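Chain by chain, the residues:
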Amino acid sequence: MQTETQLVEAAQAGSADAFAELVRGYRDRLLRFLLTRCASDADAEDVLQDTLINAFRYIRSYDPRWRFSTWLYRIAIRNAANSRPQELLELGDLRDEENDPLLQCIADSETENLWASARHLLNDEVFAAMWLRYAEDMSVNDIATALDRSVSWTKVNLMRGRRALDAELNATEDRSKAYG
Amino acid sequence: MDKLANRLRRDADRIEVTVSEELERRLDASLQAATPQDEIVRRPKSGRPALFWWASSLTGIAAAAAVIVIVNIRQPQEELPPATPANIVAAVPVIDWKTESAMLTGPLQQELEDLQSDIRKAERQVREDIGL
Numbered sequence: 229m230q231t232e233t234q235l236v237e238a239a240q241a242g243s244a245d246a247f248a249e250l251v252r253g254y255r256d257r258l259l260r261f262l263l264t265r266c267a268s269d270a271d272a273e274d275v276l277q278d279t280l281i282n283a284f285r286y287i288r289s290y291d292p293r294w295r296f297s298t299w300l301y302r303i304a305i306r307n308a309a310n311s312r313p314q315e316l317l318e319l320g321d322l323r324d325e326e327n328d329p330l331l332q333c334i335a336d337s338e339t340e341n342l343w344a345s346a347r348h349l350l351n352d353e354v355f356a357a358m359w360l361r362y363a364e365d366m367s368v369n370d371i372a373t374a375l376d377r378s379v380s381w382t383k384v385n386l387m388r389g390r391r392a393l394d395a396e397l398n399a400t401e402d403r404s405k406a407y408g
Numbered sequence: 004m005d006k007l008a009n010r011l012r013r014d015a016d017r018i019e020v021t022v023s024e025e026l027e028r029r030l031d032a033s034l035q036a037a038t039p040q041d042e043i044v045r046r047p048k049s050g051r052p053a054l055f056w057w058a059s060s061l062t063g064i065a066a067a068a069a070v071i072v073i074v075n076i077r078q079p080q081e082e083l084p085p086a087t088p089a090n091i092v093a094a095v096p097v098i099d100w101k102t103e104s105a106m107l108t109g110p111l112q113q114e115l116e117d118l119q120s121d122i123r124k125a126e127r128q129v130r131e132d133i134g135l
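From first to last, the protein sequence lines are chains A and B.
So the first sequence is numbered by my numbering: it starts at 229 and just counts up by one.
So the second sequence is numbered by my numbering: it starts at 4 and just counts up by one.
Worth flagging that the hints you see were computed from the coordinates, not collected in a lab.
Since the structure is predicted, the reported quantities are computational estimates derived from the model, not experimental observations.
Just so it is clear, CB atoms sit at the ideal spot from N, CA and C, and this is done for glycine as well.
Take the hints with a grain of salt, since some may be wrong.
[Said to hold, decoys possible] In silico DSBU-like links for lysine-lysine, alpha-carbon gap of 35 Å or less:
# : chain 1 : residue 1 : chain 2 : residue 2
1 : A       : Lys405    : B       : Lys6
2 : A       : Lys383    : A       : Lys405
3 : B       : Lys6      : A       : Lys383
[To be verified] Between beta-carbon pairs, the in silico distance windows are:
# : chain 1 : residue 1 : chain 2 : residue 2 : range
4 : B       : Val70     : A       : Arg293    : 49 to 57 Å
5 : A       : Asn351    : B       : Val70     : 39 to 47 Å
6 : A       : Glu249    : B       : Phe55     : 44 to 52 Å
7 : B       : Thr62     : A       : Ser380    : 22 to 30 Å
Turn these sequences into a full structure, and let the hints guide you.
Pasting the structure below:
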């Protein structure tokens, strides 16, 4: 069983098998994250493929001072942004909630999920920061690096996201108490 | 661990997303076809020796000085033909002034006599005032 560092070194030497082994543990999580950044399942799968190819192609420029997962998510975020139509990027945070792949995924599970509320309450960037913090367990510094934002921006927006979701969580609990 | 963080982690875990076998085959095939690129060698910010900047500065200063000298160098002046004095008197038209000379001697003499008379009167008055 090779460590992540050994797999990185083997991939840097040109081994596609080592790279495939290296990213095997990230594939599902990356795809789940990309559902929050892409317009459809198919787009998320395409972006995942591009992300892994780009990561392998540029593996020699990977700086081991970064966590590998942070570097991978950063590439994924950039590829997801490039996959969106330019006109939608110019219009800003405009989501097609009916076809939102994450919301469809949550609806399929038929359980109440706070991430669905987060999707409605938070904009894309704050949602991504919250997702990386609580779903991917990233540190604030790693989130700032992955999103290409400052640490202070990340802290402030995590706090805003938390405040909005805290209020939503309390309201949900109050409603469920009221209805027994 | 706070309530919100716990809830968010639990709800994220509930979102089950897995890479399908078909996608997995696609990913493996595309990775096998790719090759890592050589590391991009970043050029250092200051690749030129310090002497280069001194040499270029001195060259610039020398060039500027040369331009100033060339522009301001005294040009050989062409010798002008000797100027002939213009005959101004001939050029000015003669005006026939019809005037008479003023008789100034009479009134000035009268003025002088009046002043001397005033001085004498004043002197006399002063003498009377002081009792001489």
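Do the hints match the structure? See the list:
| no. | hint | result |
| --- | --- | --- |
| 1 | A/Lys405 with B/Lys6 | holds (17 Å) |
| 2 | A/Lys383 with A/Lys405 | holds (32 Å) |
| 3 | B/Lys6 with A/Lys383 | holds (19 Å) |
| 4 | B/Val70 with A/Arg293: 49 to 57 Å | holds (52 Å) |
| 5 | A/Asn351 with B/Val70: 39 to 47 Å | violated (59 Å) |
| 6 | A/Glu249 with B/Phe55: 44 to 52 Å | holds (49 Å) |
| 7 | B/Thr62 with A/Ser380: 22 to 30 Å | violated (47 Å) |
Consistency with the previously given hints fails for numbers 5, 7, ordered from lowest to highest.
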